[in-house]
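Protein chains: 2
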Amino acid sequence: VTTFIGSNVGDWHVKELKPIRGESIPSVSRLQIEDHPTSVQLTGIWKLCGFVSNIRYANQSERKKILAIQEGLGRPQATCAALIPIRKNEAWWNLAQDERRAIFEEQSHHTAIGLQYLPAISRKLYHCRDLGEPFDFLTWFEYAPKDAAAFEELVIALRHTEEWKYVEREVDIRLIKV
Amino acid sequence: VTTFIGSNVGDWHVKELKPIRGESIPSVSRLQIEDHPTSVQLTGIWKLCGFVSNIRYANQSERKKILAIQEGLGRPQATCAALIPIRKNEAWWNLAQDERRAIFEEQSHHTAIGLQYLPAISRKLYHCRDLGEPFDFLTWFEYAPKDAAAFEELVIALRHTEEWKYVEREVDIRLIKV
Chain A
251 VTTFIGSNVG DWHVKELKPI RGESIPSVSR LQIEDHPTSV QLTGIWKLCG FVSNIRYANQ
311 SERKKILAIQ EGLGRPQATC AALIPIRKNE AWWNLAQDER RAIFEEQSHH TAIGLQYLPA
371 ISRKLYHCRD LGEPFDFLTW FEYAPKDAAA FEELVIALRH TEEWKYVERE VDIRLIKV
Chain B
251 VTTFIGSNVG DWHVKELKPI RGESIPSVSR LQIEDHPTSV QLTGIWKLCG FVSNIRYANQ
311 SERKKILAIQ EGLGRPQATC AALIPIRKNE AWWNLAQDER RAIFEEQSHH TAIGLQYLPA
371 ISRKLYHCRD LGEPFDFLTW FEYAPKDAAA FEELVIALRH TEEWKYVERE VDIRLIKV
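Quick mapping for you: the protein sequence lines, in order, are chains A and B. The numbering of the first sequence is our numbering, which starts it at 251 and goes up by one. The numbering of the second sequence is our numbering, which starts it at 251 and goes up by one.
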């Protein structure tokens, strides 16, 4: 489990924190990410936890394309980041797997859209619904300053999809590496 | 998160505990299930934790069939239970969603087999891979003594599927309500 800690200490400077849908979270000046947090390190204004899991929707062909082009986190030029916590509504979670997949990809082209921005935008998805957290997912993106406009495009494209009609809470946190 | 605590106290008497594949877990005489465990209650010979999550493979038609016939846990006549912790191998978890679904249902008929034993056998699935637990799933079944033979059939049928070739650790714990 990885913990994102918002306070006035940490490796990432918070440039902007704004609610997109539903309730926001308190403003903070810094973000710290702890992969194996000890209780001592866990003080902060807020803490959001999540785990990386297996792929939930991508099929074999999509998975191969992603693995072939994506780049990892921590690239030296990727000094911009975004942490976007998201919660989907009950209607989404009551759907069966094939219904969620159809909305995610056949209708919303979630993976196809993301693939257009690889390898510039690195991405990692943390799951938290099953931990009883206030959000279902913590989405994390890293990119170089020159790719900032491309990242805005990606975010806007996803927010206009059918899938996003099921998003009931979303906060957009933009960060700069200290 | 639900915790299954093996020790010499609890509402379920352990009739048998045996390894099916891979390493076993220590024998205990009783099992206690805690939905919201406090640290005080958490002593025991072993503890296995998991969470209930959204449906991962069933499609809309399968989900409807299950919801239409299944019965809940805690039926007075269901005095027999089984806790079967399972871990699948890396090959399984490296598959994409469509590949896992095809093995799970089109090749192994996991849901179709389970449906044949509804409503006699009640079932609940707890996920634990994402919590860093020693197993990926804790499967829990409840049934009346008169359905014990049907339950054996179900377990044997599942163990002969293509899906079960990916199971690398499995322990079978049979229980009687105290």
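Source of the hints: derived by calculation from the structure; they are not laboratory data. A portion of the hints provided could be inaccurate.
Unchecked claim - According to the in silico footprint, chain B covers these stretches of chain A (three or more CB under 8 Å from chain B):
#1 336-349
#2 408-421
To be verified - Sample of chain A residues with no beta-carbon within 10 Å of chain B, all distances over it, derived:
#3 Leu267
#4 Lys268
#5 Gly382
Just so it is clear, CB atoms sit at the ideal spot from N, CA and C, and this is done for glycine as well.
Each hint, compared with the structure:
no. : hint    : in the structure
1   : 336-349 : holds (count 6)
2   : 408-421 : violated (count 0)
3   : Leu267  : 27 Å, holds
4   : Lys268  : 29 Å, holds
5   : Gly382  : 8 Å, violated
Of the numbered hints listed earlier, those contradicted by the structure are 2 and 5.
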